[in-house]
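*Asks:* Here the protein sequences come in this chain order: A and B.
Last residue of the first sequence: 350 in my numbering, with the numbers rising by one and none dropped.
Last residue of the second sequence: 1424 in my numbering, with the numbers rising by one and none dropped.
Calculated directly from the structure, the hints in this document are not laboratory data.
On a predicted model such as this, the values are computed, not experimentally measured, just so you know.
Please note that the accuracy of each hint is not assured.
Stated by the list, open to error - Listed next, the in silico EDC-like pairs over lysine to aspartate or glutamate satisfying Cα-Cα at most 20 Å (straight line):
no. : chain 1 : residue 1 : chain 2 : residue 2
1   : B       : Lys-1049  : A       : Asp-15
2   : B       : Lys-1036  : B       : Asp-1066
3   : B       : Lys-1177  : B       : Glu-1211
4   : B       : Lys-1309  : A       : Glu-299
5   : B       : Lys-1357  : B       : Glu-1334
6   : A       : Lys-157   : B       : Asp-1420
7   : B       : Lys-1171  : B       : Glu-1205
8   : A       : Lys-157   : B       : Glu-1417
9   : B       : Lys-1049  : A       : Glu-299
10  : B       : Lys-1163  : B       : Glu-1205
11  : A       : Lys-157   : B       : Asp-1418
12  : B       : Lys-1341  : B       : Asp-1371
13  : B       : Lys-1341  : B       : Glu-1361
14  : B       : Lys-1248  : B       : Glu-1211
15  : A       : Lys-196   : A       : Asp-15
16  : B       : Lys-1403  : B       : Asp-1418
17  : B       : Lys-1302  : B       : Asp-1066
18  : B       : Lys-1341  : B       : Glu-1081
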Amino acid sequence: MSLPCGTRNYKYAEDMAIVRTKTHWVLLIGFLVLLFTTPLYFSNYWLGVFNLIGITLIAAIGLNILVGYCGQLSIGHAGFIAVGAYTAAIITNRLELPFLVGLICAGLVAGLIGLVFGLPSVRVKGFYLAITTIAAQFIIIWVINHWSLTGGFVGIKVPYASIGGLVFRSESSQFYLITIIAVLCVFLAKNLARTKVGRAFIAIRDNDLAAEVMGVNLLYYKLLAFFIGCFFAGISGALLAHWIGFLNAEQFSFTESILYIGMIIIGGLGTTIGPIFGVVFIRILQQLLTIELVPLLEESLTALPAGFATGVTPMLFGLVIVLFLILEPRGLAHRWALFKAAYRLWPFSY
Amino acid sequence: MKNRRLLIGIVVVCLALMIAALPIVSACGEPDKAGKTLKVGITTPTTGKAAEKGAPMGHANLDCFDYINNELGGVEGYRIEVVWRDNGYDAAKVVTIVKNFMDEGCLMFTTSSSAMMTASMEIANRAGFPGMAAFASPILYRPPQHIYGQMPDYGDDWLVFAKYYMENIWKGPGKPKMALHLLNNTTGYGARDAARAYAADMGIEIVATEEHASTTTSEMESLTRVKALNPDVLYISSTPAPTAMVVKNAYELGMYPGITIGCGHASFTSAFVDIAGADIAEGVYGVFPTVNWGDNVPAMAKMTEYVQKLHPEDYEKRNMDYITCWAQSLIVAEILRLAVKNAGYDVLAKGGAEAWKAIEEQGIQKLKDYDAGGLHGPVSYTPGDNRLSKSVRVFQVQGGEIKPLTDWIDAPVVKYEDFDWFGK
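The task is simple: from the sequences and hints, build the whole structure.
*Replies:* As structure tokens, this is what we get:
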């Protein structure tokens, strides 16, 4: 990892540390203070948007581990999120077990289902694997719609999340719950990438044949990537279920799965910071277009045919994504890395 | 290279502006307590896969509020301020939209589709924020909470059609055999639940229950199975395009004409006749909770004037969903009028939980035989029943047009929650 000029490491622990300099610590603490005081500055609506961002981020981190680090293309992520959401709903609503039990089980069940659909990854890769994960999306949603335990097409109610006597009713209390779990997930993902497992994932992504020759067990690590990626999706689904309060299979559409892929590509594949950038960018863009731009255009462009401005919005959304892919295919994370590099060298750019 | 840098610069500046604008946008979202307006939230799927219905419904909502504000002077002298959002038929998006309505100080909100209300209802129920869905399914208000149905639900459609069929069409001995062809969501399952609850009592034998997706391109396989069971009547609860596909396939298989086909109100519009073709759709029955274009009812002239002026494309298609949401806006205005009269503007102006409670208790629950310009059946609140209008009429496609056969028929309240299979 590149460091600011003059920074040296004298111990292995220092070399391994994520936060190394005093500036890093100040920035990190400042960011966390800002993050955890967010409910003081924002309205309930924006806290709701941030909660959605937090929930989406957890799922995107999982997908990034699977696709970005291990190179296993999955286009059925919304299906795995649904598994987690419904597991949490069944455990807390039907079985009346505590939220934390539901949360852990949601991750584990989604991970196990991910293992099943990850089995083809041993024999197929690339677009062929993508097709099998698309199948996962549709099979999971079909089962949800036809299983009485999940409420079928009608759906299922989910109670508020609660730990002990603390019930997370308000948007701000849910914000703290979701943010803490999201921060933990980011930390876990960051560390995972630096472990033996993370390096094995990268080796498989870069050249699976070479990785196998060097002793990386492809079956084990590919399935492990599916399990971890889907575990995160399950956790995300559980939080989504408790946040929305009612589940219906229509909430986990194939379009959502595609959107998740878009998020990690825009953010930057195979980086920890990438999913954060991608999720924040897409979710904020969605909100700004829906809440601000469309009503404004509909009001001001009265000479145009009715509905024109509304129709323009999805095109604008697509255009922004296409522009990103053309101008910065390595994602916002790469742009961030360049910015940091420029900052480090300034004013001695050499 | 220079252009590339310029574009990257623009993207970076846009991002920075987006982030910097958040607190400002947030501040702008504070409820307007001092204003002399009554805010309502309207969300329609104007884009996305349900846009064929959502777009005209959104037009009708906004056109009608224009009419109320400009020609009637608002409600009790207060202008109605509409906060409109396109939900794109996206469940995640509609959740944040409803939160936005609450934050903006809206007194109540409406959705056009039952699916979007299903996705957001728990958010509203938890906060006590009253909502009204134009198209509803029993899950929205069984048991009743803070969500109301503007019109009878998809289960009511089946009940009324089945009653009409037994009294006016079925002449054979014994029980008629009915096959159900249902959209695989609450639209279809509302009808399935009603049939499950009452078919035996009404003397109807359900011989098949088939499902289809909203994107179906052929139902030959499912209809071949249905045909083998020799049904007397096929009931379809779906949206226009899939319903047209089922009817066309039934025609191609030689099932229709020969059996009776009935449709729920989510599909029985001019769009269905256009897609299926007038010759194929000829004779198909359907129920619908509003009048048709050109009917002699008090609200028709003004509604026609506005649609021709502002959205002629909806008038050319004789879109009946437009009528539904024009009536929805009239009902919202009446709810606001009652709430202002009974609770006072000051209570509503405070916004939040107290205002929402006033809207429900002093507005919605005071509705008694309100006539929405004759556009649909009388609107009343009955304790324990959150359907506001309970009547539909039976129509039939005749000569390529949808013609009414009956006057308003009331659908009974069904306490679905008393059945142990409901919601499973």
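*Asks:* Taking the hints in turn, state whether each one holds.
*Replies:* We went through each hint and held it up to the structure:
no.	hint	verdict
1	B:Lys-1049 - A:Asp-15	violated (53 Å)
2	B:Lys-1036 - B:Asp-1066	holds (16 Å)
3	B:Lys-1177 - B:Glu-1211	holds (18 Å)
4	B:Lys-1309 - A:Glu-299	holds (16 Å)
5	B:Lys-1357 - B:Glu-1334	holds (16 Å)
6	A:Lys-157 - B:Asp-1420	holds (16 Å)
7	B:Lys-1171 - B:Glu-1205	holds (15 Å)
8	A:Lys-157 - B:Glu-1417	holds (14 Å)
9	B:Lys-1049 - A:Glu-299	violated (24 Å)
10	B:Lys-1163 - B:Glu-1205	holds (14 Å)
11	A:Lys-157 - B:Asp-1418	holds (17 Å)
12	B:Lys-1341 - B:Asp-1371	holds (18 Å)
13	B:Lys-1341 - B:Glu-1361	holds (12 Å)
14	B:Lys-1248 - B:Glu-1211	holds (16 Å)
15	A:Lys-196 - A:Asp-15	holds (16 Å)
16	B:Lys-1403 - B:Asp-1418	violated (37 Å)
17	B:Lys-1302 - B:Asp-1066	holds (12 Å)
18	B:Lys-1341 - B:Glu-1081	holds (18 Å)
Consistency with the previously given hints fails for numbers 1, 9, 16, ordered from lowest to highest.
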